[in-house]
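K.L.:
Now for the letters of each chain:
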Amino acid sequence: MIPLTYYLAISAMLFMMGVLGVLIRRNPLIIFMSVELMLNAANLAFVAFSRAFNLLDGQIFVFFVMTVAAAEVAVGLALIVIIFRTKHSINVDVMNSLKG
Amino acid sequence: MLLSEASNSGFFSLVPLIVFFPVIGLLINLIFGGRMKEKAIGWLASAASGLAFVVSVLLAVSLSAAHGEAQVVPFAEWIKIGSLDIPWNFRVDTLSVTMMLVVSGVGTLIHIYAIGYMHEDVRFKHDEKRFRRFFVFLNLFIAMMMILVSGDSYLMLFVGWEGVGLCSFLLIGFWYEMDTLGRPSWANSNAAKKAFITNRIGDFGFLIAGLLMFWHFGSVQFSAVFGMAEEVAAAQPGVILAITLFMLLGVAGKSAQIPLYVWLPDAMAGPTPVSALIHAATMVTAGVYLVARSAPLYVTVPNAQYIVALVGAVTALFAATIAVGQYDIKKVLAYSTISQLGFMVAAVGMGAFVAGMFHLVTHAFFKALLFLSAGSVILGLERGHHHLSKHKGHEGHHEEHEEVFDPGDMRNMGGLRKTMPVTFWLYLIGTLALAGIFPLAGFWSKDEILADAQLHYPVVYILLTIAAFLTAFYMGRQIWMVFFGQARHEAATHAEESKPIITAPLMVLAALSILGGALNLPYLHTFTHWLGYSLGGEGAEAVAEGAAHVAEATPWYVVGGLNLIVAGLSTLLALLAIYISWLIYGRKPLEAGQKDPLKKALGFVFTGMERKWFVDEIYWAAFVDRYVDISRFLADVVDGRFWHDWFHEKVLAGTYNWLSRIFLDMRFDTQFLDGFVVNKILADGVKQISAALRRLQNGFVRSYALAVLAGVVAILGYLLIR
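Respectively, the protein sequence lines represent chains A and B.
Sequential numbering from 1 applies to the first sequence in the working numbering.
Sequential numbering from 1001 applies to the second sequence in the working numbering.
No lab work stands behind these hints, which were simulated from the structure alone.
Model, not experiment: these values are computed from the prediction.
Be a bit skeptical, because a hint or two may be false.
[Claimed, not checked] What follows is a list of derived Cβ distance ranges for each label pair:
id, chain 1, residue 1, chain 2, residue 2, range
1, B, G1699, A, L55, 40 to 46 Å
2, B, R1702, A, F64, 26 to 32 Å
3, B, R1695, A, F64, 37 to 43 Å
4, A, V65, B, G1699, 27 to 33 Å
5, A, T67, B, Y1704, 22 to 28 Å
6, B, W1078, A, T67, 45 to 51 Å
7, A, A74, B, A1683, 18 to 24 Å
8, B, Y1704, A, V73, 18 to 24 Å
9, B, R1702, A, A74, 19 to 25 Å
10, B, A1714, A, V73, 26 to 32 Å
11, B, Y1704, A, I2, 33 to 39 Å
12, B, L1706, A, M66, 26 to 32 Å
13, B, I1081, A, E72, 48 to 54 Å
Heads up, the beta-carbon is just placed ideally off N, CA and C, and yes, glycines get one too.
Build out the structure end to end from the sequences listed, making use of the hints.
P.N.:
Next up, the structure:
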């Protein structure tokens, strides 16, 4: 059986990739995908722990995370469409109207 | 719960319900009562009280199954500070259950009576909305009284003690914007305030007693205090004496004893069911209950016992003399109540706790009966008066010109025997029971007190015997004045009998007044054995000693614990008193407007009785006026001239003005404060800091996300390497 540490390492790597993607990329679609990456990193950790401790709670939690992620994408894409209609661009650096 | 199961464990766990049934009743009436009909409100309140009675009966049954062993039912944690731990526990023993039965039993009957009484009362006084408020207060009273009698500590008892005081205040001032005749005035609310303030004086004594108890015993739980009573009494006899005497002050306030009795006659301003329930049957007996409950404390200090007995006996006689000179039907009963409370206090003071409690129970029966019948008489006269004024209205008279009619004045009554026969017979039963005529309830309980007094305290015995004689006399006077002779006012000729909802509860009370003596018959002594369980140790010994005393001497005239000479003498005196009252008031009935025949015979003595021995006037001159003087001194001189004129104006304002002028002269404000501190340091500093911070707010979501990441990493890192 593959040790728990391996799964956690992969989960951490995925998470860092997601974080870097969010921080570096300017295309909101890519940023969204990076967010998904982070969520799935968390899912992987949940499932791994669930297997390791023989508890079902982690598996159930993953379903909730997936549901939330789906809802989040739906809202996010709708926002992007609206922003594109008003600003004719989806570059995140254009969206700085709240700058002090 | 099944019955078989109940006989094992008992119904003791149900005891909190005796408080919560009335509370539920009052909450429903409070919230939904606005949309309910009068009947529904009244019956709901009666049911709440009735259910409490059912629970009390179940408790009594379980208790006798458990051979009277006291039960403590923990209910909730209440106060827990350091070593002080006062839980809200219910105490179920024979003493508290006796009180519960009386409170809820008589209370329920009075609730039912009040449905009929208040229905008419709110209409005569033109405020039908107030019907609901009455029953809310009445249920609140039952709940508070239950807390008082079921508490397991002096503090819990005190909670109930204050609660019933509040209910008494609310109900005396029920018609707060009028006087007893319905004229606009603050008389009723003044009576309520008088009761409340007088009771405060007594409560202050009770509070001191409680604090002393906490200080010297470290607890206010009954069992802890009583367990240490002997020890403390041996070490510091003064402490117990102080506690019992301060407690006596509380008793004097609540149970209307000298010197604090003055509030009870004025409390008759409340509606009649209130006078019956609170100011005759239950609340005012709380003081007697307190002394009986504290029996283990009182028996360690005979001096305190003697003082209590003397206070009770003097009150009994003093109030009885005043009752002879009163004209208001309820005032006579009020002074009679004070007098009978004197009997009870004297009894428990002498250590005759059973006799005192026995008289408490029978008195609750017949005094409630008398008050409620008096209420029926008053309503009957109101009806007659209403009838008259309607007819007069047709003849063209106006109400403004009409003299104010007092339906409670016995000089307006007479001959009601024919118009109100049911009420007459009920009133007669109550009167005979109160006068102590064989074989009604009052005979047995009063003679038990007299027999105990005759054994140990001759002075008390003589005072109480004279009081008993006067009791029979003033009750005889009342019967002749109210029900015999000719009507002395037109309203009395048109008086109408009350409806069954009013008379039915009275019949139950009348039956209890006749049969109540069976509780403690000679030879059987059911009630003595029943209470012996909870009076425990000393109390039971005292009871046993009394019995033994009788047993060892057993002269021919003592039969089964009944002293025939004492009983016979008091009965003869009562009959003699009733005969004398017939000679004065019955043989030649009073004419309308005629003065009381006793006035000629007794002269200034009767004037004294009529004017209540001027006690109110003396109190007013000695305390109220002095209090007003002190208040005026404090307001004018201390607060006005010293505090306001001198300290505030001269010292504070003057110094402030002087200082500010100096600062202005030095340009301290304009140059240093405004120029340097405010402009330079504060304003410029804020400007620079904000310029630096503004750079952080660059509007890029990415940099905010980076900040969040940095924060998370910092926190997690700290948690890891901690």
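K.L.:
Taking the hints in turn, state whether each one holds.
P.N.:
Against the structure, the hints come out as follows:
1. Hint check: G1699/B to L55/A, Cβ distance near 44 Å, so the stated range 40 to 46 Å holds.
2. For R1702/B and F64/A, the hinted distance range of 26 to 32 Å is satisfied, since their beta carbons lie about 28 Å from each other.
3. One distance hint, 37 to 43 Å for the beta-carbon pair R1695/B and F64/A, holds here, with the actual separation near 40 Å.
4. Taking 27 to 33 Å as the suggested C-beta distance range, the pair V65/A and G1699/B conforms, at roughly 30 Å.
5. As the Cβ distance of T67/A to Y1704/B is approximately 26 Å, the hint placing it in 22 to 28 Å holds.
6. Between W1078/B and T67/A the beta carbon distance is about 48 Å. The supplied range of 45 to 51 Å therefore holds.
7. Take A74/A and A1683/B: their Cβ atoms lie about 49 Å apart, and the range 18 to 24 Å is violated.
8. The beta-carbon spacing between Y1704/B and V73/A, approximately 21 Å, falls within the hinted interval of 18 to 24 Å.
9. Look at R1702/B against A74/A: about 23 Å separates their beta carbons, and that is inside 19 to 25 Å.
10. Between A1714/B and V73/A the Cβ separation comes to about 30 Å, which falls inside the hinted range of 26 to 32 Å.
11. Between Y1704/B and I2/A the CB atoms are about 38 Å apart, so this pair conforms to the stated range of 33 to 39 Å.
12. Between L1706/B and M66/A the CB atoms are about 27 Å apart, so this pair conforms to the stated range of 26 to 32 Å.
13. A beta carbon spacing of about 52 Å between I1081/B and E72/A agrees with the range 48 to 54 Å that was offered as a hint.
Going through the hint list in order, the structure does not satisfy hint 7, though it satisfies all others.
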